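Colleague: Join the two chains, each given in its own frame, into one complex according to the hints.
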Amino acid sequence: MPDWDQQPPEEREVYGSAWVTEADGVDGRRTAEVVDEVIEEQTKPLGLWADTWRRLKRNHLALVGLGIIIVFISVGTVETVFYQMHWHVRASAQAEAADAPGYLAPYDPNETNYDLSPSGLGSPPSWSHPFGTDYLGRDVFSRTLVATRVAMLVGIIAVAIALTLGLLLGPVSGYYGGAVDSVIMRAADIFFAFPYILFVLLIMSVLGQGFQNVFIAIGVLGWATFARVVRGQILSVKSMEFVEAARAQGAGDLRIIFRHVLPNSMAPVYVAVAMAIGGAIATEAALSYLGIGIQPPNSSWGLMISDSVDYLAAGNWWWLLFPSLALVTTVFGFISFGNGLRDATDPKLKE
Amino acid sequence: MSLLEVRDLKKHFPIRTGVFKRTTGHVYAVDGVSFNVEKGETMGLVGESGGGKSTVGRTVLRLTEATGGEVTFEGIDVMKASRSDMNTLRKDMQIVFQDPYASLNPRMRIRDIVGEALKIHGIGTEAERKKRVADLLETVGLNSEHAERYPHEFSGGQRQRIGIARALSLNPKLIVLDEPVSALDVSIRAQVLNLLEDLQDEFGLTYLFVSHDLSVVKHISDRVAVMYLGKIVEISDSAVLYTMPQHPYTEALLSAVPIPDPHTERARRRIVLEGDVPSPANPPSGCVFHPRCPRAQEICTTAMPRLTVMGDAGERHEVACYFPARFGDGKRVVSDKPYTDALPEPKA
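As given, the protein sequences belong to chains Z and B, one line each in that order.
Those letters in the first sequence? Residues 6 to 356, per the working numbering, in order.
Those letters in the second sequence? Residues 1173 to 1520, per the working numbering, in order.
One chain only, chain B, in its complex shape (with noise of 0.2 Å):
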């Protein structure tokens, strides 16, 4: 049994218009999302802006509602979860937030913040609480002195730490990591991720690392899914994904990292893709990247692919694409047929 199992999971934003709040539509951000995590492995979820990962982060910790879907931790089933049941998952299930300025309260000293859960779910004496957050500041490399000040006495980077501090405090399983390096200087970045690395091999933490940054995942997950449109498209063992990207998003998604190499850099072949990211509120039929898909054919408009196996890297490599690429003998093929097998099962 996974740690965390994801089953079709959706979230639908409902857009209200009129003075009668009349639902005219929904935004798709979340769109049957479905993944396993395994204890003590690294989850990585990219795509880019607007593609629903966020979403899925802050569904599985229930902090917001999901449409519909299961969400299993530790085969307790969080969507259904009591209110008292709710409040033991809140101890194993934590989460990290993108911006380190508006996660943290600025009129609360880091002692209250960070100790505010131990309060909440009435864990040890005063004394003990205050040795607790004393203990996690430096687990998390400030100085425990730093406990009385307030957040806006701090930088980017200790206020990320601060969070993470946060985030340890009731030694949870699983931590949602939401874009938590994205708003920091690179050269702090750097400094985050083995923080995180170090926590993770400590602890033994799970992670479910939510990001943009396509380097920034290879670095740190043993998995990655990548999203587009609400979707999952491709998922895989990192290794795998970066250097046998079968779905075009993600080969194009991967020609968009810098290579710090120049001659590298300047002979590869780039894949720029065409316009924008279709509105979530109104996703293309079929498969949803298809608009701007080089690859693109009729049974494309079709319906949307499912994700399925594709025997090239062992069955933890799933793609969702009627014409994925395939490597067999060290050379990349793709075929002009379409792999039916990614066909949808018909509705019974």
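Chain Z on its own, in the form it takes in the complex (with noise of 0.2 Å):
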């Protein structure tokens, strides 16, 4: 009997010589052989990566929400690159031509008195002001758009903050275990037990005010959720075989930390990731309109909603409209792409 397992394709007699002739294949080869290629393609080693990408191809919500990510992160870059460049430019331009054409924003979003309605209230959508403007005259859709900056560097930063404390600390908690462990995660569980927006409060009331304590305050407070996450998975991994095969070969304790344990553990870590940046995004939002976020003149979603509240019952319905719609789709795009992307990492689901 022929031994699968042990010969290398081209020697296989899978599909029977005798009837297979020169006539029956392709170009000149035999059919055996061309179909052992095309299984040989089919079957191309395929990464984890790629198998992950394959299966979120499928799931439209993930994408839109990826869509979303993708041209909100985009503005946000321009924006962060080009606002002190193009302000000051269009500052000098302005003597000379009206509008220049500008990158993004058309308008100086701190710029007043653009189109103020006859009531003073500012004035309702129209072409040259298509999110209309506010009650100094300020152009809402350049507001909209400067403030996509501060909300992507906000989900950004504060997240690479809790990230960091919790990679840092989940690895140390899940893989030496012990008093270590309950004293990490006891100390997450008060940070989980406390209001979360209190105790955002809290902290931006013993740092102050300012745009880099909102990333501070919001990323100190998030490393509880990805300890955890972190935590779990190692501690699911490192009872492993391939972690014990590991340790019988010689590997240390790093080794099987960094080489071993955490690159099978981190594919929730990524879910958490997206879930977080969207709810790092709504907790500035609610800061700014607390009072205690992103302090004017600078714009924030939060801050322009806020402002729009007061003026809401005289009808200015588009300061509150557009603000909101960005912050919202913001943070459904993300946290649909976290859902796609656990769906599509999660190996009971795999079809």
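Rather than coming from a laboratory, the hints here were simulated on the basis of the structure.
Every value quoted in this text rests on a predicted model; they were computed, and no experiment measured them.
Incorrect hints may have been included.
[As the list claims (entries may be wrong)] With a straight-line cut-off of 30 Å between C-alpha atoms, the simulated DSSO-like cross-links for lysine-lysine are:
| # | chain 1 | residue 1 | chain 2 | residue 2 |
| --- | --- | --- | --- | --- |
| 1 | B | 1263 | Z | 243 |
| 2 | B | 1252 | B | 1193 |
| 3 | Z | 243 | B | 1182 |
| 4 | B | 1345 | B | 1303 |
| 5 | Z | 243 | B | 1302 |
| 6 | B | 1390 | B | 1211 |
| 7 | B | 1182 | B | 1252 |
| 8 | B | 1503 | B | 1390 |
| 9 | B | 1211 | B | 1345 |
| 10 | Z | 243 | B | 1252 |
| 11 | Z | 243 | B | 1345 |
| 12 | B | 1509 | Z | 243 |
| 13 | Z | 243 | B | 1291 |
| 14 | B | 1263 | B | 1345 |
[What the hints assert, rightly or not] Derived Cβ-Cβ restraints for the label pairs, each shown as a range:
| # | chain 1 | residue 1 | chain 2 | residue 2 | range |
| --- | --- | --- | --- | --- | --- |
| 15 | B | 1359 | Z | 241 | 30 to 40 Å |
| 16 | Z | 182 | B | 1246 | 27 to 37 Å |
| 17 | Z | 186 | B | 1359 | 44 to 54 Å |
Just so it is clear, CB atoms sit at the ideal spot from N, CA and C, and this is done for glycine as well.
Modeller: This is the structure we're talking about:
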């Protein structure tokens, strides 16, 4: 009997060569050969990332989320890079040309009196001001775009801080266990037990108001989520046989953690990151709404929403609608992408 | 001197309960196991699941720390070896795991999996290691081009070959085979077993073969130890054990192995043990087997019999039983009178 497991494909007699003649073949090659090639082609090495992407592609909601994320991050990046330069140039050029073409924001977000309505409460959306103007006559569209930069910075930097802390404490907790684990996890419990927004308020009042302090407050509070996710993964991965195999080979703790345990524990962390960015953006909006986040005259979605609420009774719906829409869309984008990523990386849901 | 000597090995896992993790009891996974493995031979370790076979394998390699006892490898005390001594020992003692799916890191290429030990121990240059990995893959019957692939691209049998290549990478003297074929299809099993035998001849390897499958153990082992509830109840040369089992548990195990001949199969007497294996957290007093033993008498409840040479098959057949089967003049006799030599020595 042929030994399927041991013989390389070209020596196999799988197809029964007796009835496969040259005439049956393709381009003068035997059918078996061609079939083998096709099989080889279709079972090409597929990395774990490629596999995840293949499954993510089928989830339309997640793709929409990914699209939203890409659009908003691009807008935020362009604004960050050109923000300073753009308005500097604009200021000097303003004397000559009234409306020189800008990068993304068509008007200076802080420039007032663009188009005040007769009642002095800003004008509704028009061709020159697609999102309308606010009570100071500032262009809402420009302010929403500039606030994208703030939102993206908060989301990414705050989550980066939280992730760093979580990735330092989580593995230590999960891998070594014992007393260290108890201390770290009880600390995490305390962080979870506190009402989140109250805790941020507390930190903000200690640190004082300011741009960076928003990042720090949200970031420092987020570590517990990541530490928990990483710890749970590590607990399950570290008892797997390949970790024991590595130990039998003589691998030390560091090698086992970094080469074996962590790479196999990261998938849920990526999911948590996507979710947390959405959460951090929403928290920043909430803080700014309460007046302790981003300070005027800087622009932030939360701040714009807060400003508009007072004038809502006068029928100025556009101040509220556009920043809210931007906020909701961004958070939705991150969360639906995170959800899709979880489904795509969860081995239990593999078809 | 034997290559591997195990003396009175014990591994008790504490059972912790409650908020304060108080130890409320122990699981006696391995409880006083002694055996020797000679260079170049294959020692089989059989028994039901939960009998502590795998734990013996792992404690010998110090993958779990033993509670007590001694393991001596080439005269070096493994249990007391320092970190650097342990590193040297790791090169000589390797392990192949049961589950070929769980024992290979899914995020590493085969090249890195097989070559990891070489890297850890700083053997050879990058190019030399690459060559060595290719050679190892060929040795275990894989293609050297497979080195660039990931584990999920292989079948169970191929994965087990990769696990074997990894174990071979440091040229070990002893390999613990922890149920190496139990997770494989029957059709692949024979191939992997033959590979293991070929490798043993080629490299002069010594195996400690842990399995619950008696026919596999019979095929590959020179000597066999039968374990029950953390203790060895019978140990003998393979051929003798399978033809002249003395311990009632061994007899029961052997009678459960199907015989591929319907006439013999129908005619033979099958010993069906009553009840389940007792919990190793609360082992029976006296002989651990007595609650399920068809021959048990009062003496069996007093103390665990020690492994004793019965003499029927020379010095190498030992059994821990007060009522062992004896084989004289081709006849099997079970005496009614307890064999008191098996009583443990009174504690001083």
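Colleague: Decide, hint by hint, whether the structure agrees.
Modeller: Each hint, compared with the structure:
no.: 1; hint: B:1263 with Z:243; verdict: 23 Å, holds
no.: 2; hint: B:1252 with B:1193; verdict: 28 Å, holds
no.: 3; hint: Z:243 with B:1182; verdict: 24 Å, holds
no.: 4; hint: B:1345 with B:1303; verdict: 22 Å, holds
no.: 5; hint: Z:243 with B:1302; verdict: 28 Å, holds
no.: 6; hint: B:1390 with B:1211; verdict: 19 Å, holds
no.: 7; hint: B:1182 with B:1252; verdict: 15 Å, holds
no.: 8; hint: B:1503 with B:1390; verdict: 23 Å, holds
no.: 9; hint: B:1211 with B:1345; verdict: 8 Å, holds
no.: 10; hint: Z:243 with B:1252; verdict: 25 Å, holds
no.: 11; hint: Z:243 with B:1345; verdict: 28 Å, holds
no.: 12; hint: B:1509 with Z:243; verdict: 52 Å, violated
no.: 13; hint: Z:243 with B:1291; verdict: 21 Å, holds
no.: 14; hint: B:1263 with B:1345; verdict: 8 Å, holds
no.: 15; hint: B:1359 with Z:241: 30 to 40 Å; verdict: 32 Å, holds
no.: 16; hint: Z:182 with B:1246: 27 to 37 Å; verdict: 34 Å, holds
no.: 17; hint: Z:186 with B:1359: 44 to 54 Å; verdict: 45 Å, holds
In summary, the structure is inconsistent with hint 12 from the numbered list given earlier, while agreeing with all the others.
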